[in-house]
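Q: First to last, the sequence lines map onto chains B and P.
In this text, residue positions in the first sequence follow numbering that gives the first Met the number 0: the first is 0, and each later residue adds one.
In this text, residue positions in the second sequence follow numbering that gives the first Met the number 0: the first is 0, and each later residue adds one.
Accuracy of the hints is not assured; some may be wrong.
All copies of an identical chain are treated as equivalent in the list; a pair is satisfied when it fits inside any one copy or across any two copies.
Said to hold, decoys possible - With a straight-line cut-off of 20 Å between C-alpha atoms, the simulated SDA-like cross-links for lysine to any residue are:
(1) Lys1 <-> Leu206
(2) Lys38 <-> Glu288
(3) Lys8 <-> Asn230
(4) Lys8 <-> Ala233
(5) Lys8 <-> Asp232
(6) Lys1 <-> Thr195
(7) Lys1 <-> Met228
(8) Lys225 <-> Met77
(9) Lys45 <-> Ser290
(10) Lys1 <-> Ser203
(11) Lys1 <-> Glu139
(12) Lys225 <-> Ala249
(13) Lys225 <-> Gly172
(14) Lys1 <-> Glu210
(15) Lys1 <-> Gln236
(16) Lys278 <-> Arg166
(17) Lys38 <-> Glu220
(18) Lys278 <-> Gly146
(19) Lys45 <-> Pro7
(20) Lys45 <-> Ala282
(21) Lys8 <-> Glu229
(22) Lys225 <-> Leu206
(23) Lys38 <-> Trp330
Since the hints were derived computationally from the structure, they do not count as laboratory data.
Number of protein chains: 2
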Amino acid sequence: MKKLINDPKTVVDESVEGFGQAHAGHVRVHTDPLFVTRKDAPRAGKVGLISGGGSGHEPLHAGYVGYGMLDAAVPGPMFTSPTPDAIIPATIAANAGAGVVHIVKNYTGDVLNFETAAEMAEAEGVSVRTVLVNDDVAVEDSLYTAGRRGVAGTVLVEKIAGAAAERGDDLDGVAAIGQRVNDNVRSMGVALSACTVPHAGVPSFELAEDEIEIGIGIHGEPGRHKIPMENADAITQRLLEPILSDLAPAAGERVLLFVNGMGGTPASELYIVYRHAAKVLEAAGLIVERSLVGNYITALEMQGCSISVLRLDDEMIELWDAPVNTPALRWGM
Amino acid sequence: MKKLINDPKTVVDESVEGFGQAHAGHVRVHTDPLFVTRKDAPRAGKVGLISGGGSGHEPLHAGYVGYGMLDAAVPGPMFTSPTPDAIIPATIAANAGAGVVHIVKNYTGDVLNFETAAEMAEAEGVSVRTVLVNDDVAVEDSLYTAGRRGVAGTVLVEKIAGAAAERGDDLDGVAAIGQRVNDNVRSMGVALSACTVPHAGVPSFELAEDEIEIGIGIHGEPGRHKIPMENADAITQRLLEPILSDLAPAAGERVLLFVNGMGGTPASELYIVYRHAAKVLEAAGLIVERSLVGNYITALEMQGCSISVLRLDDEMIELWDAPVNTPALRWGM
């Protein structure tokens, strides 16, 4: 294992410390327990938005703390849920009197810990709503999940619900739009190589020299099947088929196409996937109205990508286009 | 070799095609010969800025085409200079009557081809100035270079000179500020793994299981030496020492600290490097005034990073902070 780290035990703390220094204009890092908030206190009356989960998926979630997205993020240990003792103060810090929405990826540990934290925060007078993200069509139930996993759709939920909160929507309204994004997005991923969790020191799974895994999870947990290596267009087709068959968009509908890098794949390859994915969607009569391509939710240094398709409506487009100013996503301001 | 590609011969064309579709709001892709311009024609009287070079370093250069940075980019074949027949029309397209600055990384092929293109463009009435970037302190002369190589400093030259052009500086002024950035920036990189050029099909160099290469170039060309793996802080120190000894900033000076990922390294590791680099600079009495962390100039899927230190002055800070709106770098608008 070769990694730019000092000690597997200090990876998350040191990384978040460096992140906080590099983005001191955007965020503030709180330690013991560890969580990240916007630099400035939330605007009175704005609904707060927080998310969190195991580390190793950067820039998710701390990279999305800032105007137009999250108010706070809670990085857990590597690929391990953060505990309620960190989620509770993050929830309280994000509350500006209008309550807080928890955006939770559907993994058993995250669900339990955010649920406990929500109860404790409610007991302290903070209203909490939860949006559970479960966009991965690859498998029902998995190594860490009952039901579908939450993957790249999370970024889209955070952006669009964040814009709704910034616009002044109330607690139920922000949760509803987050839920609507989740209901309209489907994702599926592929791994060309495994990733190595620092404290484990060995790859989290095995792939032969000419083998890839279709339907991989963002922790390297099993997908649908391992198959021999294929070309990019064939892989793209394999990822899109279950997405489209599950989402079942009608011809003429507008979609956002999101090609996400898992961490170790060059941008040039992501654009080759994007190119064919756009062709497939257009051949299905869909209109690719918005796009996102890059490393937005990763699995350490894994090689591979995921494709997400979000069915758009006018309001979602308006909220997607709204200004955002975070370390990892910025536009319009 | 496992890559998300269809055919080694079509990687660049397909990738740039997908890039153009995903960023249709920013750029326009011209084919045969291949170059990328801003979507809209340049503003009359603005100095044009173009760059180019071998592909495989994405988002450099096409990712920086847009308001506040480049007017055009010329992607060559993988790790191979673009030819004058593509650089000439890109130069002409970038000309809005005030001339064009070529930003050229110091590799023999790029230097020759941009020189030829500049002469041909001048013959067609376009005034051209050239800024040669040679910020890599690792080695004098190399596999593809006489003199020092141009590496991550190129991104900073493009941003700051691009802001000067947008501000309305004249041709000599834009070239002068680009030159000033180059004169004040030094970089050095490390590889933890090699990268594989698609048409070669095998890694461009060899590293043992516990070995890293200090001073690596962005094409995997040799650096200073191979050494046994060390921790992140020690590697950071090794990269910064030659940078600081060559740049020789005085205590109290302000700098921009840029930690660049080579393509296959997780963001979390880049922030661990940033954390220690900032400490080292502060211990040397320097003020880390601005920061950039991420994959901005890559070597395909290589694992590793580079560190760049740019000595800042008031004008450079103002131009750094100025609005930019490109696919890969956006802020302030």
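Q: Confirm or reject each hint.
A: Tested hints:
1. Lys1 <-> Leu206: Both ways: lysine 1 and leucine 206 sit 18 Å apart in one copy and 11 Å across, limit 20 Å.
2. Lys38 <-> Glu288: between (33 Å within a copy, 17 Å between copies)
3. Lys8 <-> Asn230: between (38 Å within a copy, 13 Å between copies)
4. Lys8 <-> Ala233: So lysine 8 and alanine 233 pass the 20 Å test across copies only (17 Å; inside, 40 Å).
5. Lys8 <-> Asp232: between (40 Å within a copy, 15 Å between copies)
6. Lys1 <-> Thr195: Close inside one copy (10 Å) and across copies (18 Å); limit 20 Å.
7. Lys1 <-> Met228: between (25 Å within a copy, 7 Å between copies)
8. Lys225 <-> Met77: So lysine 225 and methionine 77 fail the 20 Å test inside a copy (25 Å) and across (30 Å) alike.
9. Lys45 <-> Ser290: For lysine 45 and serine 290, neither the intra-copy (28 Å) nor the inter-copy (30 Å) Cα distance is at most 20 Å.
10. Lys1 <-> Ser203: Result: close both inside a copy and across copies, 15 Å intra and 18 Å inter.
11. Lys1 <-> Glu139: Classified as neither; 34 Å inside a copy, 28 Å across copies.
12. Lys225 <-> Ala249: neither (31 Å within a copy, 57 Å between copies)
13. Lys225 <-> Gly172: Neither, since 41 Å and 57 Å both go past 20 Å.
14. Lys1 <-> Glu210: Close across copies (8 Å), not inside one copy (23 Å); limit 20 Å.
15. Lys1 <-> Gln236: between (34 Å within a copy, 17 Å between copies)
16. Lys278 <-> Arg166: neither (34 Å within a copy, 39 Å between copies)
17. Lys38 <-> Glu220: Classified as neither: same-chain Cα gap 35 Å, cross-chain 42 Å, threshold 20 Å.
18. Lys278 <-> Gly146: So lysine 278 and glycine 146 fail the 20 Å test inside a copy (31 Å) and across (45 Å) alike.
19. Lys45 <-> Pro7: Neither. Shortest intra-copy (38 Å) and inter-copy (51 Å) distances fail the 20 Å Cα cut-off.
20. Lys45 <-> Ala282: Answer is neither: 42 Å inside a copy and 41 Å across each miss the 20 Å cutoff.
21. Lys8 <-> Glu229: For lysine 8 and glutamate 229, the Cα distance is within 20 Å only across copies (16 Å; inside one copy 38 Å).
22. Lys225 <-> Leu206: within (8 Å within a copy, 28 Å between copies)
23. Lys38 <-> Trp330: both (18 Å within a copy, 17 Å between copies)
Hints 8, 9, 11, 12, 13, 16, 17, 18, 19, 20 from the earlier list are contradicted by this structure; the remaining hints agree with it.
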